[in-house]
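As you go down the protein sequences, you meet chains P and V in turn.
For the first sequence, the numbering used here puts the final residue at 192, and the numbers step up evenly by one.
For the second sequence, the numbering used here puts the final residue at 454, and the numbers step up evenly by one.
I should point out that these hints are in silico values taken from the structure, not numbers from a laboratory.
For glycine and all other residues, C-beta sits at the position ideal for the given N, C-alpha and C.
Careful: at least some of the hints might be erroneous.
Stated by the list, open to error - Lysine to aspartate or glutamate pairs mimicking DMTMM-like chemistry, simulated, CA-CA at most 20 Å apart:
id : chain 1 : residue 1 : chain 2 : residue 2
1  : V       : Lys72     : P       : Asp157
2  : V       : Lys241    : P       : Glu22
3  : V       : Lys39     : P       : Asp151
What the hints assert, rightly or not - One side only, chain V facing chain P, incomplete, derived with CB under 7 Å:
id : residue
4  : Lys39
5  : Tyr43
6  : Ala50
7  : Asn54
8  : Ser57
9  : Ala150
10 : Leu178
11 : Asp220
12 : Gly246
13 : Pro260
14 : Tyr264
Below are the chains, spelled out letter by letter.
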Amino acid sequence: MGRDSILKAIKQHKPDLLPLPEIDGARFDDDVNLLDIFKHNVTLVGGSIKEIDKTLIDQEIKKQFPDAKSIVALAEASSLGTISVNKQTNPHDLATIDLAIVNGAFGVAENGAVWISEKESIVRVLPFITNDLVVILSKEQLYLHMLNAYDAISTRDRSFGVFISGPSKTADIEQCLVIGAQGAMSLTILLV
Amino acid sequence: MSHAEKATIFNKNEAKVNWHDKALWYVREKRDNAAHNVKEWEYLRDLASAIKANVLSDLDTYLVEFEANALKNGIKIHWASDAEEHNAIIGKILDDNNAEKVVKSKSMLTEECHLNPYLEAKGIEVVDTDLGEYIVQIAKETPSHIVLPAIHKTKEEVDELFQEHLGTKPSNGNPEYLTNEARKHLRGKFLKADVAITGVNFAIADTGGIVVCTNEGNADMGSHLANVHIASMGIEKIIPKEAHLGIFLRLLARSATGQPITTYSSHFNKPAEGKEMHIVIVDNGRTEQLSREDFRASLHCIRCGACMNTCPIYRRSGGHSYEATIPGPIGSILSPGKDLTKHSSLPFASTLCGSCSNVCPVKINIHEQLYKWRQIIVKDVKQPIVKKSILKIAGSVLAKPKLYDFAGKSARFMLKYTPRFMIYSKLNAWGKARELPEIKNENFDQWYKINRKK
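Hey, can you work out the whole structure from these sequences and the hints?
The structure is reproduced here in structure tokens:
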């Protein structure tokens, strides 16, 4: 069978043990303004970002998405939800969602990504299948780079989680960048 | 057909070759900008390379650790020695689930195993959902680049394909319109799929989880909607710890397209409630490559495609000229290990300039391995008689300084006084599509002696 023969072949052919390198994380430290870099990179990857007062969130979303009707709002800061979801929701039922509003666990300054796990999205497909995605994120919750980010999620309950950096995109037709491929057409981050 | 012969065909359309060359160089420039913006980029490359070297030196232990952790989390693990076993395992999972419709996201491994024709022969509908892969699928072609599968197609060609297959209106190749039409079409496929098949970018030993990276979101649309998710991975995709993703994800997208990270980096650790998740771990020649000391490091590859974008040969010959699942410099050191005779021209599709090694995020010594494959190939595979005799003559001339000096003088004399039609004839490949340099009377040695005195 495959398993034993593969493992046997590896044992036979692998070189002498080479050490796993120690990672000197301090070398990546940088005394920079996380908020500025995060904002810059969210824009760079095609997202939009706005610092906003918590009480004005719904007003802002209504202004930006006046036509959205089927809305899933999982962030407690928004009361715009028209459809409720739970763990038992059939993901196919979300096919016609216009807008999803979710909390982001934290952001990563170096690449504009936000971490969204099943805890925040409840249904895994939600941040992908929704037409537009709004992420509410605390500006206190920013890390410089991915090594810091993995430290932050090292003790989580692991099921599914995703770093999302901007809206879905493709450049597969003659290298022309088109925003809105198979996932969400837009990503808006509201910083509170 | 040899690489050079296939490249000649690609070069018949000069405008397209020029576009291909420039488009890929632009991606290389974006890679440079992205890399230069990262503090300690070279340290990241060193770490990534050392982690991969450690992985290969203890691969069996890591695979067993990965398996145990994945099983604990309810993921089903399968092992396949070769392409045939891989396809049969997937075929059986589909049968067990009475699956008829499959959506796939990008996986070079399933290309390598020729999974699509296998499934289609079983009467299963397979749809590639990465836009570039979808384009090459309906064109009945293979990807010509591992990150940009349809880079060889013009937008007008895509327009025609979509008119035929999706019933779109003629749009002169409007990328927004065409992408949106594909989005609508693929939505239907995602919603009806029974099974989603994805590749694996990284498999993490200490958690038993996998990470899949896409820009389009197609891997997630497929895997979160279908009841069954199958992920195929080569044995070398293992990394020891989840924390190491902090190294690899910083390198991958920057090296590939110049983005700071892909749009989606999805971490799968458990199947969703009521759903199934399978991982197929595949050898298919990798343990053999592991046994070759000189070529082992080719298994470090994280499939970013940077070596293709930077390669002067790849950019001007196109991915299809390599006739291999993985084209370009990395493909040229992987493929001879699978079939030395079939791929014997690939290690020669290089100027040995070393640019591939310079951009490789995991520091594979690609150009040195190309050179080493050449040593093996000239011994084991029959070489053309012209090449053999020319190299023999060149060898003896270069070994004798006086003869070399005489040959240089004669060549300068000939180039100066031979009629143009003879110099730019079929016999002189160096005169094809370029002007030879103007001839001076002295060689460098003489020039240096004269000028040193000044």
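Here is what the structure says about each hint:
no.: 1; hint: V:Lys72 x P:Asp157; result: holds, 13 Å
no.: 2; hint: V:Lys241 x P:Glu22; result: holds, 12 Å
no.: 3; hint: V:Lys39 x P:Asp151; result: holds, 19 Å
no.: 4; hint: Lys39; result: holds, 5 Å
no.: 5; hint: Tyr43; result: holds, 6 Å
no.: 6; hint: Ala50; result: holds, 4 Å
no.: 7; hint: Asn54; result: holds, 4 Å
no.: 8; hint: Ser57; result: holds, 4 Å
no.: 9; hint: Ala150; result: holds, 5 Å
no.: 10; hint: Leu178; result: holds, 6 Å
no.: 11; hint: Asp220; result: holds, 4 Å
no.: 12; hint: Gly246; result: holds, 4 Å
no.: 13; hint: Pro260; result: holds, 4 Å
no.: 14; hint: Tyr264; result: holds, 6 Å
Violated hints are absent here; each numbered hint is respected by the structure.
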